[in-house]
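Heads up: the sequence lines are chains A and B, in that order.
For the first sequence, this note's numbering assigns the number 420 to the last residue and increments by one with no breaks.
For the second sequence, this note's numbering assigns the number 465 to the last residue and increments by one with no breaks.
No lab work stands behind these hints, which were simulated from the structure alone.
It cannot be assumed that every hint is accurate.
Said to hold, decoys possible - If you anchor each label on the Cβ, the simulated ranges turn out as follows:
#1 B/Tyr458 - A/Thr115: 33 to 43 angstroms
#2 B/Tyr458 - A/Ile27: 47 to 57 angstroms
#3 A/Leu347 - B/Leu444: 44 to 54 angstroms
All C-beta atoms, glycine included, are put in the ideal place defined by N, C-alpha and C.
Here are the chains, one letter per residue:
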Amino acid sequence: MEQFRQLFQGIFEFRWEYLVMYVIGGILIYLAIKKDYEPMLLLPIGFGAILVNLPLKTIWQYEPELDATVTKIVAENPMLKDIFVNNLNYVFENGQAYKVEPGVLQILFNSGILTELFPVLIFVAVGAMIDFSPLLKTPKMILFGAAAQFGIFFTIIVALLMNKIFPSLGFDLKTAASIGIIGAADGPTSIFVASKFARHLIGPISVAAYSYMSLVPIIQPPVIKALTTRKERMIRMEYRDVKVSKTVLILFPIVITIIAGIVAPISVSLVGCLMFGNLIRECGVLERLSKAAQNELANLVTLLLGITIGSTMHYKSFLSPATLMILAMGLVAFVFDTAGGVMLAKLMNLFVKEKINPMVGAAGISAFPMSARIVQKMATKEDPQNFILMQAVGANVAGQLGSIVAGGMVLALVPWLLSL
Amino acid sequence: MSDLSLGLQLMEYGLAGVFLVLILFYVLIIILMKLFPYHPEKEED
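With the rest of the complex left out, here is chain A (with noise of 0.2 angstroms):
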């Protein structure tokens, strides 16, 4: 029987959750094949969800091995008992020393994940696909991309005042601040402050992030509508159509990590890593460079991005309250990004002449380019003449800017703030 059960093991081991997950892992395939929600990240990511909700995880890590060398070193020497559990791969019950190999997705994770090297590679791919010339057109639309971040904060406060009402959620100031971060609507940058402070909520947080950026044209169109006025959002922006140096184009990347790095050096892999990208693409002279980048590289990493996060969604940990809870707070963090760059907008009306449209202001999310596009599409639909594409593009890729800045204060903030 037990000869039996041993060939058999995948159906004895079985359980009803995996069902829940392959549904999960189903529907995301489904909104990225059918729905064109984010497809690059969404599929590997509902497949790396299957993958490891199969029996034994093996795809996460192999069968536990019984080793005997190992347990009489632990029973003779307890205090090394962290070492081999910390840093070999080791499993201890009842006092038995189990070596446990990691499977591929494992070692994709921890080289990949826990290192920061896949988000920091997206970083360099997306560095080179992003022109910052609307944003040096128009600078004051940087504005924008630090109020399209208020979104981050308030969830962080909603996620803790949850945790006030739900203290089995275990919100504490780090994992709100991981989920908070979503609203920075940048994947990387979701994945990256994730894996420094809640690497157990990596998957619902990356489930969310790339969810609701996919979701833009569906939540930002009701915000904005809810805060402004039909004449508001038939303002007309006047556009002047600088020029801007390739001199300006090659400095700006530098002289961006230079400040950056002084001011927050925590955020240097974030921000040095984009510029590093812009500026293999502004340069002009690594032409082949900049087209690996934006294409191999991002693809690649994206590919293997998707599903090392997927692979983190076992129905254990992704089965619970605390996931509910961060996919409706990822929501809430969205709604207040858009909120807060077109309130900033209307009350900048407040004081100067030359009036803003309110809508370019929720253009300052880092969702970009869609962003900017469903705000033109707003204003044309209010007004057939109005042309805001231009300061929209440029709130846009303020958002960049901004949602990476935003990152790299709560890197900085959180553990000074939990050391005082």
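Dock chain B against chain A, hints included.
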């Protein structure tokens, strides 16, 4: 100090920090655009 009050401080310093840094970037952009204006003849080289 409770986590909630730490969270409020995080919001205060975090938003202020983001605005300050981006205003610094704004000043930097203005300076760069003034120091290195666009010259059609130079850009064609």
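Check each numbered hint from earlier against the structure, then list the numbers of those it violates in ascending order.
Those not satisfied come down to hint 3.
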